[in-house]
Amino acid sequence: MIRKVFKVFIFFALLQVFIYSCCDDTFNMYYSSIELTTLDESDFDPTSIPSEDLILNLRAFYDYIPVSSANSFKQLTTSAYATSCDEDYILKENVMAINIFSDTNVLDIPSGNSLNAIFSYRNPETLENEPVESIINLLNSQNGFNFPQFDLVLNEAIESELSLSFTIELSMVENNRILEASTATITIE
8 MIRKVFKVFI FFALLQVFIY SCCDDTFNMY YSSIELTTLD ESDFDPTSIP SEDLILNLRA
68 FYDYIPVSSA NSFKQLTTSA YATSCDEDYI LKENVMAINI FSDTNVLDIP SGNSLNAIFS
128 YRNPETLENE PVESIINLLN SQNGFNFPQF DLVLNEAIES ELSLSFTIEL SMVENNRILE
188 ASTATITIE
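According to the numbering used here, the sequence shown holds residues 8 to 196 in order.
Simulated from the structure, these hints should not be mistaken for lab results. The C-beta atom is built at its ideal place from N, Cα and C for all residues, glycine as well. It is possible that some hints are incorrect.
[Said to hold, decoys possible] Ranges of calculated distance between the beta carbons of each label pair, as one might list FRET restraints:
id	residue 1	residue 2	range
1	Glu140	Arg184	16 to 26 Å
2	Asp32	Ser172	24 to 34 Å
3	Met8	Ser39	49 to 59 Å
Construct all of the structure, not just a fragment, from the sequences and the given hints.
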(Lines of atoms letter the chains of each structure in order from A and count residues from 1; the text may use other names and numbers.)
(Lines give C-alpha, C1' and ligand atoms only; values in the text may rest on other atoms or scores of the structure.)
Protein backbone atom coordinates (compact mmCIF):
# COMPACT_ATOMS: atom_id res chain seq x y z
CA MET A 1 0.00 0.00 0.00
CA ILE A 2 2.83 2.40 0.84
CA ARG A 3 4.44 1.69 -2.54
CA LYS A 4 1.19 2.55 -4.38
CA VAL A 5 0.83 5.82 -2.44
CA PHE A 6 4.50 6.62 -3.11
CA LYS A 7 4.08 5.87 -6.85
CA VAL A 8 0.98 8.07 -7.05
CA PHE A 9 2.80 10.87 -5.24
CA ILE A 10 5.81 10.57 -7.58
CA PHE A 11 3.52 10.50 -10.62
CA PHE A 12 1.76 13.75 -9.63
CA ALA A 13 5.04 15.41 -8.62
CA LEU A 14 6.55 14.59 -12.04
CA LEU A 15 3.37 15.71 -13.77
CA GLN A 16 3.54 19.05 -11.96
CA VAL A 17 7.23 19.46 -12.86
CA PHE A 18 6.47 18.67 -16.50
CA ILE A 19 3.54 21.08 -16.71
CA TYR A 20 5.35 23.81 -14.81
CA SER A 21 8.46 23.48 -16.96
CA CYS A 22 6.34 24.30 -20.02
CA CYS A 23 5.45 27.67 -18.55
CA ASP A 24 7.38 30.83 -19.27
CA ASP A 25 6.12 32.59 -16.20
CA THR A 26 8.35 35.65 -16.10
CA PHE A 27 8.90 38.13 -18.91
CA ASN A 28 11.21 41.12 -19.19
CA MET A 29 9.49 43.99 -21.00
CA TYR A 30 11.23 46.48 -23.24
CA TYR A 31 9.69 49.28 -25.29
CA SER A 32 9.65 48.26 -28.93
CA SER A 33 7.87 51.25 -30.47
CA ILE A 34 5.29 53.95 -30.01
CA GLU A 35 2.48 55.19 -32.22
CA LEU A 36 0.97 58.67 -32.36
CA THR A 37 -2.32 59.32 -34.13
CA THR A 38 -4.74 62.23 -34.31
CA LEU A 39 -8.40 61.81 -33.45
CA ASP A 40 -11.37 64.11 -33.92
CA GLU A 41 -13.88 63.85 -31.06
CA SER A 42 -16.75 65.32 -33.08
CA ASP A 43 -16.84 63.66 -36.50
CA PHE A 44 -13.95 61.17 -36.46
CA ASP A 45 -12.34 62.69 -39.58
CA PRO A 46 -8.64 62.91 -38.65
CA THR A 47 -7.59 65.09 -41.61
CA SER A 48 -9.44 68.30 -40.71
CA ILE A 49 -10.03 68.85 -37.02
CA PRO A 50 -11.36 71.76 -34.97
CA SER A 51 -8.82 72.74 -32.33
CA GLU A 52 -11.17 71.96 -29.43
CA ASP A 53 -11.80 68.42 -30.75
CA LEU A 54 -8.16 67.48 -31.39
CA ILE A 55 -6.83 64.46 -29.50
CA LEU A 56 -3.35 63.04 -29.86
CA ASN A 57 -3.45 59.34 -29.07
CA LEU A 58 -0.20 57.76 -27.85
CA ARG A 59 0.20 53.98 -27.77
CA ALA A 60 3.24 52.12 -26.47
CA PHE A 61 4.21 48.67 -27.71
CA TYR A 62 6.49 46.26 -25.88
CA ASP A 63 8.78 43.33 -26.57
CA TYR A 64 8.34 40.47 -24.12
CA ILE A 65 11.41 38.34 -23.51
CA PRO A 66 10.96 35.19 -21.39
CA VAL A 67 13.20 34.82 -18.38
CA SER A 68 14.54 31.43 -17.39
CA SER A 69 12.44 29.95 -14.63
CA ALA A 70 15.07 27.47 -13.49
CA ASN A 71 15.70 29.50 -10.36
CA SER A 72 12.06 29.29 -9.32
CA PHE A 73 12.01 25.56 -8.57
CA LYS A 74 10.96 26.37 -5.01
CA GLN A 75 7.58 27.58 -6.32
CA LEU A 76 6.65 24.07 -7.42
CA THR A 77 5.75 23.05 -3.91
CA THR A 78 3.65 26.12 -3.16
CA SER A 79 1.66 26.43 -6.36
CA ALA A 80 -2.01 25.84 -5.77
CA TYR A 81 -2.89 24.68 -9.26
CA ALA A 82 -0.73 22.15 -11.05
CA THR A 83 -1.92 23.30 -14.48
CA SER A 84 -1.75 27.07 -13.96
CA CYS A 85 1.04 29.35 -15.04
CA ASP A 86 1.08 32.80 -13.52
CA GLU A 87 2.83 35.30 -15.74
CA ASP A 88 4.87 38.13 -14.32
CA TYR A 89 5.98 41.10 -16.39
CA ILE A 90 9.00 43.12 -15.32
CA LEU A 91 9.57 46.45 -17.03
CA LYS A 92 13.29 46.77 -17.71
CA GLU A 93 13.30 50.27 -19.22
CA ASN A 94 12.26 53.60 -17.78
CA VAL A 95 11.12 56.71 -19.60
CA MET A 96 13.10 59.76 -18.57
CA ALA A 97 11.33 62.44 -20.62
CA ILE A 98 8.43 62.94 -22.99
CA ASN A 99 8.22 65.78 -25.51
CA ILE A 100 5.69 66.81 -28.13
CA PHE A 101 6.84 68.81 -31.16
CA SER A 102 5.27 70.24 -34.30
CA ASP A 103 6.67 70.88 -37.76
CA THR A 104 4.98 74.32 -37.77
CA ASN A 105 4.96 77.28 -35.37
CA VAL A 106 2.07 76.82 -32.93
CA LEU A 107 0.86 79.62 -30.62
CA ASP A 108 4.15 81.52 -31.01
CA ILE A 109 6.16 78.39 -30.16
CA PRO A 110 8.70 77.79 -32.94
CA SER A 111 8.66 74.43 -34.70
CA GLY A 112 10.96 71.91 -33.05
CA ASN A 113 10.38 73.32 -29.55
CA SER A 114 8.44 71.39 -26.93
CA LEU A 115 4.65 71.81 -26.95
CA ASN A 116 4.15 70.04 -23.61
CA ALA A 117 2.87 73.27 -22.03
CA ILE A 118 -0.12 73.50 -24.38
CA PHE A 119 -1.14 69.83 -24.06
CA SER A 120 -2.58 67.84 -21.16
CA TYR A 121 -3.01 64.16 -20.51
CA ARG A 122 -6.67 63.20 -20.07
CA ASN A 123 -6.76 60.67 -17.24
CA PRO A 124 -9.36 58.00 -18.18
CA GLU A 125 -10.11 57.18 -14.54
CA THR A 126 -10.82 60.70 -13.32
CA LEU A 127 -11.47 62.44 -16.67
CA GLU A 128 -9.29 65.24 -15.34
CA ASN A 129 -6.55 66.88 -17.39
CA GLU A 130 -3.06 66.37 -16.00
CA PRO A 131 0.36 67.58 -17.15
CA VAL A 132 1.85 65.59 -20.04
CA GLU A 133 4.74 64.57 -17.78
CA SER A 134 2.34 62.50 -15.61
CA ILE A 135 2.39 59.89 -18.39
CA ILE A 136 6.01 59.15 -17.44
CA ASN A 137 4.94 57.76 -14.07
CA LEU A 138 2.35 55.53 -15.73
CA LEU A 139 4.79 54.28 -18.36
CA ASN A 140 7.41 53.51 -15.70
CA SER A 141 5.03 51.68 -13.39
CA GLN A 142 5.02 47.90 -13.52
CA ASN A 143 1.40 48.11 -14.65
CA GLY A 144 2.08 50.74 -17.30
CA PHE A 145 1.53 48.23 -20.06
CA ASN A 146 -2.09 47.89 -18.88
CA PHE A 147 -2.73 51.37 -20.25
CA PRO A 148 -3.26 50.66 -23.94
CA GLN A 149 -3.33 54.32 -24.93
CA PHE A 150 -2.87 57.83 -23.62
CA ASP A 151 -5.02 60.72 -24.86
CA LEU A 152 -3.48 64.18 -25.05
CA VAL A 153 -5.72 67.23 -25.47
CA LEU A 154 -5.02 70.91 -26.07
CA ASN A 155 -5.20 73.41 -23.20
CA GLU A 156 -5.83 76.31 -25.57
CA ALA A 157 -7.07 76.71 -29.12
CA ILE A 158 -4.70 76.67 -32.08
CA GLU A 159 -5.23 79.17 -34.91
CA SER A 160 -7.45 78.01 -37.80
CA GLU A 161 -6.32 77.00 -41.29
CA LEU A 162 -3.03 75.70 -39.96
CA SER A 163 -1.60 72.51 -41.50
CA LEU A 164 0.80 70.62 -39.27
CA SER A 165 1.93 67.27 -37.96
CA PHE A 166 2.93 66.38 -34.43
CA THR A 167 5.88 64.29 -33.25
CA ILE A 168 6.34 62.75 -29.83
CA GLU A 169 9.58 61.51 -28.33
CA LEU A 170 10.10 59.22 -25.37
CA SER A 171 13.65 59.36 -23.99
CA MET A 172 14.76 56.22 -22.15
CA VAL A 173 17.11 56.18 -19.18
CA GLU A 174 18.87 53.04 -20.41
CA ASN A 175 21.23 53.40 -23.38
CA ASN A 176 19.99 56.95 -24.09
CA ARG A 177 17.50 55.44 -26.51
CA ILE A 178 14.76 57.64 -28.01
CA LEU A 179 11.47 56.35 -29.40
CA GLU A 180 9.77 58.69 -31.85
CA ALA A 181 6.44 58.71 -33.66
CA SER A 182 4.71 61.28 -35.85
CA THR A 183 1.15 61.91 -36.97
CA ALA A 184 -0.03 62.42 -40.50
CA THR A 185 -0.43 66.06 -41.55
CA ILE A 186 -3.73 67.53 -40.39
CA THR A 187 -5.51 70.86 -40.90
CA ILE A 188 -6.93 72.79 -37.97
CA GLU A 189 -10.41 74.09 -38.85
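To see whether the hints hold, each was checked on the structure:
no. : hint                        : in the structure
1   : Glu140 x Arg184: 16 to 26 Å : 19 Å, holds
2   : Asp32 x Ser172: 24 to 34 Å  : 42 Å, violated
3   : Met8 x Ser39: 49 to 59 Å    : 57 Å, holds
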